[in-house]
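Please work from the sequences and hints to get the whole structure.
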Amino acid sequence: MEKNGLKCTLSTSDRSIGSVASRRSRFIPSNSLRKNRLYKQKVNTSYANLGLVNKHDEDMQLSDCESSNSSGNSKKKIGIFDDNGLVKLGGEENGHKIIEKAFVSAMGSLGKHISVVSIHKNSFSGLSGQARIQSFRIFSEMTTKKCQSNSGNVKFAWYGTTKDGVNRIINHGFSHSGKAENNGLHGHGIYLSPHYSPLESALSATKDEEGLKHILLCRVIMGNMEEIRPGSDQSHPSSKDFDSGVDNLLSPKKYIVWTTNMNTHILPEYVVSFKAPCGLGVLSPQEPMVRPKSPWMAFPTLISVLSKFLPLHTIKLIQKYHFEYQEKKLSRQHLILNVRRIVGDKLLISVIKSFREKQVKATTDSLPNSNGEVCGEYNGLPGNV
Numbered sequence: 001m002e003k004n005g006l007k008c009t010l011s012t013s014d015r016s017i018g019s020v021a022s023r024r025s026r027f028i029p030s031n032s033l034r035k036n037r038l039y040k041q042k043v044n045t046s047y048a049n050l051g052l053v054n055k056h057d058e059d060m061q062l063s064d065c066e067s068s069n070s071s072g073n074s075k076k077k078i079g080i081f082d083d084n085g086l087v088k089l090g091g092e093e094n095g096h097k098i099i100e101k102a103f104v105s106a107m108g109s110l111g112k113h114i115s116v117v118s119i120h121k122n123s124f125s126g127l128s129g130q131a132r133i134q135s136f137r138i139f140s141e142m143t144t145k146k147c148q149s150n151s152g153n154v155k156f157a158w159y160g161t162t163k164d165g166v167n168r169i170i171n172h173g174f175s176h177s178g179k180a181e182n183n184g185l186h187g188h189g190i191y192l193s194p195h196y197s198p199l200e201s202a203l204s205a206t207k208d209e210e211g212l213k214h215i216l217l218c219r220v221i222m223g224n225m226e227e228i229r230p231g232s233d234q235s236h237p238s239s240k241d242f243d244s245g246v247d248n249l250l251s252p253k254k255y256i257v258w259t260t261n262m263n264t265h266i267l268p269e270y271v272v273s274f275k276a277p278c279g280l281g282v283l284s285p286q287e288p289m290v291r292p293k294s295p296w297m298a299f300p301t302l303i304s305v306l307s308k309f310l311p312l313h314t315i316k317l318i319q320k321y322h323f324e325y326q327e328k329k330l331s332r333q334h335l336i337l338n339v340r341r342i343v344g345d346k347l348l349i350s351v352i353k354s355f356r357e358k359q360v361k362a363t364t365d366s367l368p369n370s371n372g373e374v375c376g377e378y379n380g381l382p383g384n385v
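Residue numbers (UniProt numbering): 1 to 385.
No lab work stands behind these hints: they were computed from the structure.
On a predicted model such as this, the values are computed, not experimentally measured, just so you know.
A couple of the hints might just be wrong.
[Said to hold, decoys possible] DEER-style ranges, computed between Cβ atoms: (1) Asp233 with Arg356: 12 to 22 Å; (2) Gly211 with Ser239: 38 to 48 Å; (3) Val87 with Lys329: 15 to 25 Å; (4) Asn248 with Ser354: 24 to 34 Å; (5) Leu250 with Met142: 18 to 28 Å; (6) Ser105 with His313: 35 to 45 Å; (7) Lys308 with Asn150: 18 to 28 Å.
Note that CB positions come from ideal geometry on N, CA and C, so glycine has one too.
Following this line, the structure appears as structure tokens:
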């Protein structure tokens, strides 16, 4: 079927949409089904328009999600995941090629170390799947009116989880266990990565017994976004003017959907299962960096000085990242980026310059410490660790 010049897959089953819809008519009003179809025609932005693929691949869109699963609520183990409406895409299918290309290319130079094993599409089967589609449509339209925009600022985003996490999200939706995601660095909510920067979500994915990691490609209603500062304890919009959060308004690396909206504003569409080297968290998405020759400051010393300016919970967060770096769970680049986000460049520059002035003689012949340090390249910003 063609919609607005773009191909749209209606069903993954052999049954016609008409027969499925007629069987459901007792449960879901027909006008809701029509609204779902009209909604997809209106707001389903192609992957090409979002910068995920080239224009030649514009026939890849969100499936119409009109299939139904006759197996009821019983879940059988088929392949990697439960038999819960996830449909495996063939390696030669256009959808598989587009999603794989989007993921691998967005990983930068790390992409050459990653092997995509399988990609599954969420068919949103059964009544619960249709309810999720309808809910997403309603909130998207509501947010569109609120933001006075064309689509409610709907974005594509990645979410890393476990294999059991994939089954749980597809079967029941997102949940809040009480443990803050991302250690609550930017408030309490569901953390996703923009489609152009999946690294953090890939790092948060946990390997299963087969050595595979799993990451969801979701459609997310962001609406009006507000910047959430590091160390924030925020768990909901700061005012009725905002809908979601980001770590940086100009160049976000984290999308934050508050838990109150996690099952209305996030629509999981695809699951990418991939293999990555054990040192993925240590590898950098950029080419190897030359170790700075400018003055450096040992991390324990930096923490000691910063404790005079920052609250205890912020210092503990910095110590946590340093520990992850020492355990080779975090790259040097991501350590310094996290510290810069938490502390701010102004304070870091002041601390490092002060240390430089007091220790200039002692550090003249010193070499960088291999066990975690902050290097200050005095071009206006602290350099990489």
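Structure-based check of all given hints:
1. Asp233 with Arg356: 12 to 22 Å: violated, 34 Å
2. Gly211 with Ser239: 38 to 48 Å: At roughly 45 Å between Cβ atoms, serine 239 and glycine 211 fall inside 38 to 48 Å, so the hint holds.
3. Val87 with Lys329: 15 to 25 Å: violated, 34 Å
4. Asn248 with Ser354: 24 to 34 Å: With a Cβ separation near 27 Å, asparagine 248 and serine 354 satisfy 24 to 34 Å, so the hint holds.
5. Leu250 with Met142: 18 to 28 Å: holds, 27 Å
6. Ser105 with His313: 35 to 45 Å: holds, 37 Å
7. Lys308 with Asn150: 18 to 28 Å: Violated: the Cβ-Cβ distance is about 49 Å, outside 18 to 28 Å.
Figure legend: structure checked against the earlier numbered hints; hints not met, in rising order: 1, 3 and 7.
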